[in-house]
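Novice: Order-wise, the sequence lines are chains B and F.
Residues in the first sequence are numbered from 1 upward in steps of one, following the working numbering.
Residues in the second sequence are numbered from 1 upward in steps of one, following the working numbering.
By construction, these hints were calculated from the structure, which means they are not laboratory data.
Heads up, some of the hints might be wrong.
Covered stretches of chain B (chain F as the covering partner; in silico rule of three or more C-beta atoms under 8 Å from a C-beta of chain F) [said to hold, decoys possible]:
#, stretch
1, 38-51
2, 64-78
Non-contacting residues of chain B with respect to chain F, defined by C-beta distances greater than 10 Å in every case (computed) [unchecked claim]:
#, residue
3, 8
4, 18
5, 24
6, 102
7, 127
8, 136
9, 140
10, 146
11, 159
12, 173
13, 175
14, 184
15, 185
Far from chain B by the CB rule (all over 12 Å, computed), these chain F residues [unchecked claim]:
#, residue
16, 159
17, 227
18, 331
19, 462
Since the model is a prediction, treat every value here as computed from it, not as a measurement.
C-beta: ideal position from N, C-alpha, C; glycine also.
Letter by letter, the chains look like this.
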Amino acid sequence: MDLLVIEDEAVLGKALQRGLSDCHHECTWVRNGKKGLDLGLSQRFDAIILDLLLPDMEGIEVLDSLRTRGVQTPVLVLTALGSVESRVRGLRSGADDYLVKPFAFPELTARLEALSRRSNFRPSMTHTVGPLTLDMTTRRASRGEREIELSPTEFTVLEYLMRFAGQVVTRKMLSQHVWDDDWDGTTNVIDVHINRLRNKIDRGFDVALIQTVRGHGYVLRAAEPSAL
Amino acid sequence: MIPMASPFSERLFKLAHLARLASKSLRARLMIWNVFLVLVTALACFLGVREGLRQALVGGMDSVLTADIREIGLDVAELHATAADLRSAAKGQGFAQATQLLNALNRKESVHEHNGWFVELLDADEKRLWASDLTPELLTVERSRRDMAPVSLNGRLGVVDSPYRVLENRQATLQGRPLRIRVGAPMDFVDRDIASIDRIAIRGVVLLLVAAPLLGYWLARRAIRPLSDIIETTARLRPNRMEERLAIRQTDDELDRLSATVNEFLDRIAVYLSQSNNLLANSAHELRTPLAAIRSSIEVAIGGHRTPQEYQELLSEVIGECASLERLVNQLLLLAETDSELIRAHSEQVDLSGLVERCAEMFSAVAEAQQIELVTAVVPHVSVMGFGNHLRQVVNNLLDNAIKFTEPGGTVRVSLFREGSSSILRVADTGSGIPAADLPHIFERFFRGDRSRQRIEQTTGTGLGLSICQAIVAAHRGRIFVETREGSGTTMTVQLPGAFDAQTPRDAAAASERGAAMATTRSDN
């Protein structure tokens with residue numbers, strides 16, 4: 001993807017640029033609203049990552065200017081303002097999605113992909129990752145020849161993991177998607193659900209499809225990555 | 001600033017300034033009103049007394065004159081003489097009966113109680129037949145004078161003008177011919193009496209003009225003094241010096257009640273301030289721990305050459321600590337957000353039943369993993385007005401605590417139902433209970449009971465969970481209770497006002513179906 005990052009904070013900006021480049025995205029980073037607006041108006045990007053607190057102008061202004069001049073590029077807003085009101089304001093202003101700082105990097109990439117997919121989204125009736133198949137209409141799952149019985153919750157979790165197959169899915173993303181909840185307690189509620197799911201799809205097989213990424217979350221992979 | 005052209009204009013300016021100040025001061029206004037009211041009352045009293053006195057004096061005079069004119073009328077009626085006889089008698093040569101009458105009238109004039117009394121006899125054409133010695137020439141002649149009605153007129157006797165009270169009888173006859181009898185007396189004694197009253201009154205007014213402002217000033221000062229005390233005391237208050245309170249004078253009047261109200265308000269503010277200060281200090285302290293861990297992990301990482309695996313481990317620890325920092329910051333933000341203003345502004349109908357079921361479902365796996373039976377008894381379609389995200393935090397926190405502090409084999413029971421106009425959420429566990437010593441502190445921020453250290457080694461909470469619950473519930477104008485018995489369990493009850501049935505006709509059938517299934521089910525998949 002071709003991305004524009006408008007973020008004044010140097011460390012975060014640099015980390016974003018490096019991280020997004022690692023994920024094979026083209027990334028242009030500018031540190032103020034005016035430059036960002038100029039670039040956003042003159043070049044075509046797949047998505048724009050916009051910080052709301054910029055030194056020269058409000059992020060909201062940048063967004064307004066882009067939208068009023070007909071730029072429909074998906075915009076993901078980053079904000080340190082976590083309060084209810086600023087969240088509501090951010091989404092009303094025409095942002096496509098937003099993320100409250102601090103955020104997990106996998107969540108950012110997942111959301112960016114969701115944004116770019118949104119425009120040409122093609123709902124599929126079956127998901128397949130390696131030997132794993134999920135039938136969305138009959139709500140059946142199978143690994144190879146073996147049919148797997150899943151509870152509705154487990155089905156939703158697995159569907160989500162498969163949608164982002166090969167990418168890290170954080171606990172927060174899962175809790176938000178499955179339970180519409182941003183529970184951030186100390187008990188690892190999500191881990192237990194994942195363990196249950198693991199018991200059903202990985203038990204008895206040599207290769208574990210659901211892997212834990214320490215400090216981050218989970219990833220569903222068809223095969224062990226050769227690098228590690 | 002202000003041009004001071006001359007000492008006079010300067011003084012004038014000062015005076016105007018004082019007047020402006022006075023109009024702004026409650027005391028000055030009270031004083032001015034007092035003076036004004038006293039003067040108006042005194043003036044009204046005086047005018048009333050003056051008029052009453054005048055009327056009494058004139059009335060007395062009128063009754064004397066009326067008696068006189070009747071008596072003379074009778075005397076005249078008995079007289080067998082003509083008008084001509086009277087005229088000649090007046091010249092001292094009439095016949096005896098007429099002369100006798102006139103003498104009697106002259107005598108009456110000289111001994112009459114009203115000095116200057118007169119009597120006049122006139123014919124039908126108002127021509128004088130006879131008049132007593134002191135009869136004045138009436139200056140104002142009123143043609144419309146009614147019979148037997150006393151009037152006030154000006155008369156001139158010699159060179160002296162004075163007011164007279166005059167009464168006329170026009171019905172008298174003299175040998176069948178009409179005769180007018182006119183009696184009267186000077187009224188100047190009335191004016192003299194009134195004038196003396198006026199003099200007394202003027203002295204009184206002067207006295208009042210001096211006394212009323214003094215009295216007013218004293219009264220106003222007395223009334224205002226507690227207010228001035230309140231102002232002085234409150235002016236001394238500072239956020240870091242909130243010990244002082246307003247004096248209560250035990251009079252139980254409005255000002256005492258004001259002071260008491262202000263004092264209660266100050267108490268609440270003081271508590272709030274000290275809580276905020278504690279929260280700030282505690283937060284900073286709590287932030288230090290993960291910060292220290294992050295710092296040392298990174299220092300270790302950059303301190304020497306490490307294998308990629310070591311780097312990964314160290315950096316994973318950093319991410320873990322970042323997560324606890326994040327959690328703490330999020331919870332602090334949540335606490336800051338739980339002011340009722342915000343909740344009222346974003347208040348919406350929240351399907352509490354659905355919310356509780358979802359939360360229970362989320363925790364069911366944890367409960368199962370720890371061999372705890374999680375039982376839900378949720379009455380469907382219980383809704384409240386509020387902020388769903390926050391209410392979910394309450395349910396999650398209560399469930400999390402209940403599961404954390406229950407031994408394997410125990411039971412956590414979640415129930416939601418309506419009671420009167422309230423929704424009741426109850427989370428009961430069969431855990432170890434809360435020690436009596438901890439009970440008063442469980443809603444305090446950053447309080448962690450000893451028990452949480454005993455069993456939960458790997459994860460310690462922020463110590464904000466229950467205080468967040470309490471803040472959220474309070475913001476929804478609800479209450480939260482705890483019942484606990486050491487060794488046999490804890491029951492947390494949340495009471496939220498304004499329960500109502502969110503059921504709409506469209507999904508009524510589905511609801512009753514679900515309700516039957518939901519009555520008491522173990523929610524493990």
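Novice: Confirm or reject each hint.
Specialist: Evaluation of the provided hints:
Chain F is given as covering the stretch 38-51 of chain B, and this is violated because 0 residues of the stretch bring a CB closer than 8 Å to a CB of that chain, at least three being needed. Counting residues of the stretch 64-78 of chain B whose CB lies closer than 8 Å to any CB of chain F gives 0, so the stated coverage by that chain is violated, three being the minimum. At the 10 Å boundary, the C-beta of residue 8/B stays outside the reach of chain F, the nearest C-beta of that chain being 21 Å off. Even its closest Cβ contact with chain F, about 14 Å, leaves residue 18/B beyond 10 Å, as expected for a residue assigned away from the interface.
Non-interface call for residue 24/B relative to chain F: holds, since the shortest CB-CB distance, roughly 21 Å, exceeds 10 Å. With 10 Å as the threshold on Cβ separation, the claim that residue 102/B sits away from chain F is violated: the shortest Cβ distance comes to roughly 6 Å. Non-interface status of residue 127/B relative to chain F is upheld: no Cβ of that chain comes within 10 Å, the nearest being about 21 Å off. Separation of residue 136/B from chain F is adequate, the least Cβ-Cβ distance of about 20 Å exceeding the 10 Å criterion.
No Cβ of chain F approaches the Cβ of residue 140/B within 10 Å, the least distance being about 16 Å, so the stated non-interface status holds. Residue 146/B, annotated as away from the interface, keeps every beta carbon of chain F farther than 10 Å; the closest lies near 19 Å. Listed as outside the interface, residue 159/B is consistent with that label: its C-beta sits roughly 16 Å from the nearest C-beta of chain F, beyond the 10 Å cut-off. Residue-level check passed: residue 173/B sits 14 Å from the nearest beta carbon of chain F, beyond 10 Å.
Under the 10 Å C-beta cut-off, the non-interface status given to residue 175/B relative to chain F is violated; the minimum distance is some 7 Å. Under the 10 Å C-beta cut-off, the non-interface status given to residue 184/B relative to chain F is violated; the minimum distance is some 5 Å. Some Cβ of chain F comes within 10 Å of the Cβ of residue 185/B; the nearest lies about 5 Å off, and the non-interface call is violated. Non-interface status of residue 159/F relative to chain B is upheld: no Cβ of that chain comes within 12 Å, the nearest being about 99 Å off.
Listed as outside the interface, residue 227/F is consistent with that label: its C-beta sits roughly 40 Å from the nearest C-beta of chain B, beyond the 12 Å cut-off. Not every CB of chain B is more than 12 Å from the CB of residue 331/F (nearest about 8 Å), against its label as outside the interface. Non-interface status of residue 462/F relative to chain B is broken: a Cβ of that chain comes within 12 Å, the nearest being about 8 Å off.
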